[in-house]
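Enquirer: Sequence:
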Amino acid sequence: MTFNPATMNNNGLFPTYDFRTAELNWNYLKDKKITPDNFREAFPKWAFSMQTGQGPDGKETEEPPSGWSAYGGNDWWLHVQPRDAPDGKGVLTTVTGGQTAYGADPSIPGDPLLGAVVNLAGDSFPIADLTPEEQAGDGHFPRAAFHTSASMADNNPDSVWSPCFFARRIQIGSRTSPEGFFYGDIEDGLQLPARWQNFSRNLNLKGDVYRDGVGATVVQACVGRDNLHFTSDKSPLLNALKKEMDSQKARGIMMRYSVYLTHYFNALEFAGCKTQKERFEKLLDLWEQDRKAGNPPRRNTCLSRVVGTIGLWHESEPASVPGGRFLAPANSVKVLDSEKNPVDAWFGPAVAEVNRNAGGTRYVSLDLGATIPEKDASGDKETSFGTLELVVAGAATIETVAEIKPDVYDRSGYELTSGIIDVPVDGKVTDADLADGVLGIRCKPNAEQVTMLTEKVLTAQTELRSIYVDQSDKDRVVVVEVRDRGAIPTRKVGLVVQQYLPDPPPPMQNGSFWKKPEKKEEEVLTITKVGPVVNGRAEIGFTVVSGLEAPNLPVIAFFPYYLDGSPDVPPERVGFVGAPWSFVSAFYCCVRMLPFDDQLPEDFRKYCEEHHNDPVAAWDYVYKRVLYVYDMIFPVMKYYAALDLGDRTAVERNIDQILELSSVSMANSSLYMPVTRDLSSGKRKVLEMYRTLLRTGKPKEVTS
Numbered sequence: 001m002t003f004n005p006a007t008m009n010n011n012g013l014f015p016t017y018d019f020r021t022a023e024l025n026w027n028y029l030k031d032k033k034i035t036p037d038n039f040r041e042a043f044p045k046w047a048f049s050m051q052t053g054q055g056p057d058g059k060e061t062e063e064p065p066s067g068w069s070a071y072g073g074n075d076w077w078l079h080v081q082p083r084d085a086p087d088g089k090g091v092l093t094t095v096t097g098g099q100t101a102y103g104a105d106p107s108i109p110g111d112p113l114l115g116a117v118v119n120l121a122g123d124s125f126p127i128a129d130l131t132p133e134e135q136a137g138d139g140h141f142p143r144a145a146f147h148t149s150a151s152m153a154d155n156n157p158d159s160v161w162s163p164c165f166f167a168r169r170i171q172i173g174s175r176t177s178p179e180g181f182f183y184g185d186i187e188d189g190l191q192l193p194a195r196w197q198n199f200s201r202n203l204n205l206k207g208d209v210y211r212d213g214v215g216a217t218v219v220q221a222c223v224g225r226d227n228l229h230f231t232s233d234k235s236p237l238l239n240a241l242k243k244e245m246d247s248q249k250a251r252g253i254m255m256r257y258s259v260y261l262t263h264y265f266n267a268l269e270f271a272g273c274k275t276q277k278e279r280f281e282k283l284l285d286l287w288e289q290d291r292k293a294g295n296p297p298r299r300n301t302c303l304s305r306v307v308g309t310i311g312l313w314h315e316s317e318p319a320s321v322p323g324g325r326f327l328a329p330a331n332s333v334k335v336l337d338s339e340k341n342p343v344d345a346w347f348g349p350a351v352a353e354v355n356r357n358a359g360g361t362r363y364v365s366l367d368l369g370a371t372i373p374e375k376d377a378s379g380d381k382e383t384s385f386g387t388l389e390l391v392v393a394g395a396a397t398i399e400t401v402a403e404i405k406p407d408v409y410d411r412s413g414y415e416l417t418s419g420i421i422d423v424p425v426d427g428k429v430t431d432a433d434l435a436d437g438v439l440g441i442r443c444k445p446n447a448e449q450v451t452m453l454t455e456k457v458l459t460a461q462t463e464l465r466s467i468y469v470d471q472s473d474k475d476r477v478v479v480v481e482v483r484d485r486g487a488i489p490t491r492k493v494g495l496v497v498q499q500y501l502p503d504p505p506p507p508m509q510n511g512s513f514w515k516k517p518e519k520k521e522e523e524v525l526t527i528t529k530v531g532p533v534v535n536g537r538a539e540i541g542f543t544v545v546s547g548l549e550a551p552n553l554p555v556i557a558f559f560p561y562y563l564d565g566s567p568d569v570p571p572e573r574v575g576f577v578g579a580p581w582s583f584v585s586a587f588y589c590c591v592r593m594l595p596f597d598d599q600l601p602e603d604f605r606k607y608c609e610e611h612h613n614d615p616v617a618a619w620d621y622v623y624k625r626v627l628y629v630y631d632m633i634f635p636v637m638k639y640y641a642a643l644d645l646g647d648r649t650a651v652e653r654n655i656d657q658i659l660e661l662s663s664v665s666m667a668n669s670s671l672y673m674p675v676t677r678d679l680s681s682g683k684r685k686v687l688e689m690y691r692t693l694l695r696t697g698k699p700k701e702v703t704s
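Counting from 1, position 200 in the sequence shown corresponds to residue 200 in my numbering; the numbering is continuous, with no gaps.
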């Protein structure tokens, strides 16, 4: 899998970007002698040079503030192009096997689906160069036939807990016929949030995995049956999937994949570099060579491993959250790194379902795709945990449901079935034990038995995890899906709702925790409604605190409980890893307060009036108040999209398409601009008024 993020707004080691206002962080940059008067020359010169900052380990380190992918476009795809691979060869994500029954052999010899190419694509692009007569009657551009890459964005660029992916189409086919077997479009407006963000996935025992490369995430996309297209009947496996979908009256098809072990600086040019400093210096040199030669500065993508599954999407299952019974991290064990230092090894989450095959044999299907950590950059699994036990705890007893040997969860076993295993249920465990008990996974690496995962019987998830609110937005609602052991609750359930603030507060680098507001005055949201849980669903209402001086980037967390029991007390702080709550296991959504720019359109109108509606003066305002930050932190527009945001002529020539791609209706599209997704409605109105001024001579204000 290839990621091509834009890193200029990540504040990796240098807090150059103020997320709250979507501006350069002038308070920080003034010490670098970068000001609103000289930034066009001074900021790129500084950002594309080696600077000293403090790394995540607290040690001083040298790298450019631009980051390792300054010319990225926040796009991603399920293949690796030859130019991005260390061996100069491309890699595809392909079908490796399948199962039509629980416990069945996953090999599918002779099935033409074996080796088929799997991809997730973005939206098709609006065609701009058409006459008014050729354009759609609704004023929007019609779409091209081909699909672009999928995209991604951090709701809070300073965090690891808020990535969200945007895609449109699932495809299975070949290089030349990408939809030769199957394709389907994801429902409009559906996000694909990163789930189970786990930065303890790789233990990095040799220290050979760079920074965020230790992390992992899970992404799920679903296609409803009305949007499915089976374009071939030659595959017995695909035919069986379609038949089972019809017989079970499933909602559609689900695609779930786990992304892990990310490698950086993969191109052949970096082969001789031995340190990260050398790699960054080489990268800056290559970019400078490209610019001098008049070429677009080369991409510096990162490559991740990915395993995944395609199966049925059942009724009552959310579209973007792995369904089933949720097992969350409970404890860690110590393993030794290459220098014999102890390292805490945590398991990632798992989900489980209890099933029977046609012969009546009971199985627990475990999705361990995000569970067992890797040792190091090799990708080999840590197997010193020994034989794992799947257990079920009742009121007074703990029964072993099944054992899981290391050869089942090691690298070869993991890659064989993408981490999904079917374990036969021990005969002494009753159906009632499984239905009413609490599942767990434990290990015994030494003499002591350790429970690594334990079931969170109640879960509370939301499809819409990445929420953007404007200054004037009122009474926003998020729908929370509540489940009891993976099913719609039959007992009465309630929700405790808690807002958290990022710690340290923005704009900083390396946000590490959520923390509760210490007093009422620190709250940035007003929770206006906590609806009852009805048929597994509740509505949570919120609004921005009236009179709030500056926007923030809070998190809303959900804590479900039985109404005939006691609710959990939300923790004071939530961090990367731990129990009972962490970024990995918490139930939450992220709220991005967009810059408070409601006054900006009126300011622009007055400015234009004072300058006699002069287009040159209007351009100066639009650039300095709206476009400059994207010109600075998103240079891919200039070099790859042929849109220089610092060039008045280029902007005026493309103003229609700029407004098309930044319209509210495109908010959940993979094509939305800016890719940072932090354009306020006030700034959007200014752009609309600027277009009106260019066409009519006056900047008529656009109403919401």
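Do not rely on the hints blindly, as some may be mistaken.
Distance ranges between label pairs, derived from CB positions [what the hints assert, rightly or not]:
1. Lys529 to Ala271: 23 to 29 angstroms
2. Ala101 to Thr543: 47 to 53 angstroms
3. Val343 to Thr543: 42 to 48 angstroms
4. Glu278 to Gly115: 55 to 61 angstroms
5. Asp603 to Glu339: 54 to 60 angstroms
6. Asp407 to Val343: 19 to 25 angstroms
7. Thr361 to Thr543: 21 to 27 angstroms
Below, a list of computed lysine-lysine pairs in the DSSO-like style, where the Cα atoms sit at most 27 angstroms apart [said to hold, decoys possible]:
8. Lys89 to Lys274
9. Lys340 to Lys274
10. Lys340 to Lys45
11. Lys405 to Lys444
12. Lys59 to Lys292
13. Lys405 to Lys274
14. Lys529 to Lys30
15. Lys492 to Lys59
16. Lys292 to Lys277
17. Lys405 to Lys33
18. Lys30 to Lys444
19. Lys340 to Lys30
20. Lys444 to Lys492
21. Lys529 to Lys45
22. Lys277 to Lys59
23. Lys624 to Lys516
24. Lys30 to Lys206
25. Lys340 to Lys206
26. Lys282 to Lys292
27. Lys606 to Lys624
28. Lys33 to Lys624
The hints are simulated quantities; they were obtained by calculation from the structure and are not laboratory data.
Owing to the predicted nature of the structure, the values given are computational and were not obtained by experimental measurement.
The C-beta atom is built at its ideal place from N, Cα and C for all residues, glycine as well.
Enquirer: Give a verdict on every hint.
Expert: How the hints compare with the structure:
1. Between lysine 529 and alanine 271 the Cβ separation comes to about 57 angstroms, which falls outside the hinted range of 23 to 29 angstroms.
2. Look at alanine 101 against threonine 543: about 51 angstroms separates their beta carbons, and that is inside 47 to 53 angstroms.
3. Restraint check, valine 343 to threonine 543: a C-beta distance of roughly 44 angstroms satisfies the suggested window 42 to 48 angstroms.
4. At about 38 angstroms, the beta-carbon gap between glutamate 278 and glycine 115 misses the expected band of 55 to 61 angstroms.
5. Restraint check, aspartate 603 to glutamate 339: a C-beta distance of roughly 59 angstroms satisfies the suggested window 54 to 60 angstroms.
6. Checking the proposed 19 to 25 angstroms range against aspartate 407 and valine 343 shows it holds: the Cβ atoms sit about 23 angstroms from each other.
7. Distance hint check: the CB atoms of threonine 361 and threonine 543 are about 53 angstroms apart, inconsistent with the given range 21 to 27 angstroms.
8. Taken as a hint, the lysine 89 and lysine 274 pair is honoured in the structure, with Cα atoms around 22 angstroms apart against an allowance of 27 angstroms.
9. Annotation: proposed proximity of lysine 340 to lysine 274 holds, straight-line Cα distance about 24 angstroms (limit 27 angstroms).
10. With a C-alpha separation of about 43 angstroms, the suggested pair lysine 340 and lysine 45 falls outside the 27 angstroms cut-off, and the hint is violated.
11. Taking the CA atoms of lysine 405 and lysine 444, the gap is near 12 angstroms; set against the 27 angstroms cutoff, the hint holds.
12. For the hint pairing lysine 59 with lysine 292, the CA-to-CA distance comes to about 34 angstroms; that exceeds 27 angstroms, so the pair is violated.
13. Straight-line distance between C-alpha atoms of lysine 405 and lysine 274 comes to about 38 angstroms, which puts the hinted pair past the 27 angstroms bound.
14. Of the pairs offered as hints, the one joining lysine 529 and lysine 30 is violated, with about 43 angstroms between alpha carbons and a cut-off of 27 angstroms exceeded.
15. The straight-line distance between the Cα atoms of lysine 492 and lysine 59 is roughly 51 angstroms, outside the 27 angstroms bound, and the hint therefore fails.
16. Using a Cα cut-off of 27 angstroms, the hinted pair lysine 292 and lysine 277 holds, with the two alpha carbons roughly 23 angstroms apart.
17. The suggested pairing of lysine 405 with lysine 33 is violated, with an alpha-carbon distance near 60 angstroms, which exceeds 27 angstroms.
18. For the given pair, lysine 30 sits about 56 angstroms from lysine 444 by alpha-carbon distance, which is inconsistent with the 27 angstroms threshold.
19. Of the pairs offered as hints, the one joining lysine 340 and lysine 30 is violated, with about 45 angstroms between alpha carbons and a cut-off of 27 angstroms exceeded.
20. The suggested pairing of lysine 444 with lysine 492 is violated, with an alpha-carbon distance near 37 angstroms, which exceeds 27 angstroms.
21. With a C-alpha separation of about 49 angstroms, the suggested pair lysine 529 and lysine 45 falls outside the 27 angstroms cut-off, and the hint is violated.
22. Taking the CA atoms of lysine 277 and lysine 59, the gap is about 14 angstroms. The hint holds against a cut of 27 angstroms.
23. Proximity of lysine 624 to lysine 516 is assessed by CA-CA distance (about 36 angstroms); at most 27 angstroms being required, the pair is judged violated.
24. Annotation: proposed proximity of lysine 30 to lysine 206 is violated, straight-line Cα distance about 40 angstroms (limit 27 angstroms).
25. Of the supplied pair hints, the one linking lysine 340 and lysine 206 holds, its CA atoms being roughly 10 angstroms apart against a limit of 27 angstroms.
26. The hinted pair formed by lysine 282 and lysine 292 meets the criterion: a straight-line CA distance of about 15 angstroms does not exceed 27 angstroms.
27. Pair hint lysine 606 plus lysine 624 holds up; C-alpha atoms about 16 angstroms apart against a cutoff of 27 angstroms.
28. With a CA separation close to 18 angstroms, the supplied pair lysine 33 and lysine 624 stays within the 27 angstroms bound.
Hints 1, 4, 7, 10, 12, 13, 14, 15, 17, 18, 19, 20, 21, 23 and 24 from the list above are not met by this structure, while the remaining hints are.
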